[in-house]
Structures are given as structure tokens and as C-alpha cells.
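So the sequence lines, in the order shown, correspond to chains L and R.
Using our numbering, the first residue of the first sequence is number -15, and each one after it goes up by one.
Using our numbering, the first residue of the second sequence is number 883, and each one after it goes up by one.
Misleading hints may appear alongside valid ones.
[What the hints assert, rightly or not] Derived list of chain R stretches under chain L, where covered just means 3 residues or more per stretch with a C-beta under 8 Å from a C-beta of chain L: (1) 901 to 909; (2) 915 to 929; (3) 1001 to 1012; (4) 1065 to 1077.
Rather than coming from a laboratory, the hints here were simulated on the basis of the structure.
For every residue, glycine included, the Cβ atom is placed at its ideal position computed from N, Cα and C.
Here is how the chains run, residue by residue.
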Amino acid sequence: MLTCKEFLQEISDFLDENVDQELRQKLEAHISQCPNCFVILDTTKKTIQVYKGVDAQPIPSDVHQRLMLAIEKKCAARRQTSAS
Amino acid sequence: MTTTETGTFDEAELVRRAKSGDTSAYSELVTKYEGKVFRLAKNITQNDEDAEDVLQDAFLKAYEHLDNFQEQSKFYTWLVRIAVNEALMRLRKRKTDRTVPLDEPVDTGEETVAREIAVWEDDPEQRYEKTELRRILDESVQSLKPAFRTVFQLRDIEELSTEETAELLGLSIPAVKSRLLRARLQLREKLTRLFKRKGEDVFAYL
Chain L
-15 MLTCKEFLQE ISDFLDENVD QELRQKLEAH ISQCPNCFVI LDTTKKTIQV
35 YKGVDAQPIP SDVHQRLMLA IEKKCAARRQ TSAS
Chain R
883 MTTTETGTFD EAELVRRAKS GDTSAYSELV TKYEGKVFRL AKNITQNDED
933 AEDVLQDAFL KAYEHLDNFQ EQSKFYTWLV RIAVNEALMR LRKRKTDRTV
983 PLDEPVDTGE ETVAREIAVW EDDPEQRYEK TELRRILDES VQSLKPAFRT
1033 VFQLRDIEEL STEETAELLG LSIPAVKSRL LRARLQLREK LTRLFKRKGE
1083 DVFAYL
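Hey, can you work out the whole structure from these sequences and the hints?
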């Protein structure tokens, strides 16, 4: 059986379903007998899910305004170039 | 305003209009993605000023090169590549500080230990207000070493592939994988301290 340390080394590839069948079986056998590693696997999976599930914060309005202004300038410059 | 909630069709349409010089279409794309680009820039540069510069430069550069954008790929993925390059360039410019170059080998060989082992609450994120949860998640990512933080950002937040991440950061695939492993485990530890079920530990399972 894999040791916990060996299991942890593979946890990321395991979650990404990026392990071959033989290794997957070993990893599954390990968690079926090791509650600690089961919890680590489960909470690592949830960690990734939590990050995926949260939208980015709206940007501060002054940052947004400066960005829009910079883009408007650029667009105006491009229109001028293409007009001339 | 065109609905851009989802729908690749709408986005493709916006990109086409922007390409033909429709400024309002490009503004819609900017409004849709500015939050994500700003978060990405902030997580890489760890500095508000630099992040704002990266934000502006990325959207301006994307506008300039819009004609080169191949419409079969996703606009956001294309934009992320531009933003990451801008952010990395800015990091390199900051010679005075102690920033370690991201492509420098980091010691990922030390043991991957898990100290905090505890079951989480069901849907722990429901216990926090959205703003508070974002703050917790951002701060946790920002407390990682730059080498881990950037890989996590690209792989698990921007959802780039291992290969794309390796190429953008100038790293080997095994280096991306080992950094991602460390980043995920470290974040798991940090979040476990906040999200663990009270009054219960793993031994309840034994």
C-alpha cells in the first residue's frame, strides 16, 4: 500500500484525473483505509472548488474610470489614424 | 447593452464588432473582464499600482492587436496571456525588491505535510458574506510564495492547462505540477483553519 507521503505527492494529479489506472487504484485503495488522507483529498478538492466558484471583486470605480478613459483615448487615436 | 452573461455567441459578436472599430463593443468586453484581469494582476504583482498599470496595458495591447485574435479561441484566454506577460514584465522591472524570478527553481522537494486535518463545514462559503469570502480567498493566495501563487492563479483560477501555464511562465511541466501541488496543499491548510467543522476532528472517523 502507498504511504501517506506517497499519496500526498500524487493528490494533485489525482484530482485532475491525470493518473493512470494502476496508480488510481492504488490511490483509491489508500483512501479507503486512511481517513486522514480521505479528508485531505476531500478538503483539497473543496479548496479548488471554492476558488472556482467565486467571482472577482468589482474593481474600484476610479480604477475603472481611468481604464475607460485610456481606452477611449486609444480608440480616438485609432480612428484618427484610419481616417487620415 | 448586449447581454454578455454567458453565451459565446454574444462574445464572438462583441469581438467582431470591436474589430470593426465599434468602441462600445470593446468597452463591454472590458467591463466584463476588468475584475478578473485586475485580480490576476494583483495576485501576480501584489501591488495595487502595478496591478492598475497591468490592467490598462493589457486592455490597450489587446485592443491594438485585436486583429491578430483568432476567433476560434476564447477571448478571455487570449487576454489572460497578454495580462500575464504584462504582469511578469512589471515584476522583472522591479529590480530593487526581493522578488524571486518566477522561473527560478524553488525547493519543492521538502516534504509535503498536512498539519491541519479536519472535516469542513457543509458549504463553508455560505457562512461568509461574498465580500468577506473574496477577501479571505485573495489573502490566502497572496500569502503563498510567488512561485506557487502564480501557478495556482493560472491553473485553478484562470483555468489554463498545465502546458499553457508552463509555456507562459517559462517552466517545465513537472515544475508547474509540483508548484501546483504545494500551492493547493498550502491553501487547503489555510482554509481548513477557517472552514473546519467545529467540535469535530478526523478522529471521529476512526
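Structure-based check of each hint:
no., hint, in the structure
1, 901 to 909, "holds (count 4)"
2, 915 to 929, "holds (count 5)"
3, 1001 to 1012, "holds (count 5)"
4, 1065 to 1077, "holds (count 7)"
The structure agrees with every numbered hint stated previously.
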